[in-house]
Amino acid sequence: MLASLVFFAVIGASVERFSILIGVFLIVVALEALNTAIEEIIDRISPEFSATGRHAKDLGSFAVFCGLLAWGILMLDTTVRVIVG
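By my numbering, the letter at position 31 of the sequence shown is numbered 1369, and the numbering carries on one by one without gaps.
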């Protein structure tokens, strides 16, 4: 996160883009917390292998991945907008 803020400052990103970056960061942190909660609950309820539990964990991880992908797209889009236009 700190590296992203420094990068945005170096390239001269707008305050609006900084705000969006912070919002996306908070969403990723929330998704990660929810994913951890899902994993803890699944491990507590069903310590043995469970296909349903595995799917729940995979979906939680996928949600985190989507958040990180959004962060990457924001970084790329902001960089292109600042450099090109």
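Hint data in this document are derived by calculation from the structure and do not stem from the laboratory. Every value quoted in this text rests on a predicted model; they were computed, and no experiment measured them. Just to be clear, a hint being listed does not mean it is correct.
Derived EDC-like pairs (lysine to aspartate or glutamate); straight-line CA-CA distance at most 20 Å [as the list claims (entries may be wrong)]:
{"hint": "1", "residue 1": "1395", "residue 2": "1415"}
{"hint": "2", "residue 1": "1395", "residue 2": "1381"}
{"hint": "3", "residue 1": "1395", "residue 2": "1354"}
{"hint": "4", "residue 1": "1395", "residue 2": "1378"}
Now the hints, each set against the structure:
1. Restraint check for residue 1395 and residue 1415: the C-alpha separation of about 30 Å exceeds 20 Å, so the hint is violated.
2. Simply put, residue 1395 and residue 1381 have alpha-carbon atoms about 10 Å apart, close enough for the 20 Å limit, and the pair holds.
3. Straight-line distance between C-alpha atoms of residue 1395 and residue 1354 comes to about 34 Å, which puts the hinted pair past the 20 Å bound.
4. Note on residue 1395 and residue 1378: the hinted pairing holds, with a Cα-Cα distance of about 10 Å set against a maximum of 20 Å.
In this structure, the hints that do not hold are numbers 1, 3, in rising order.
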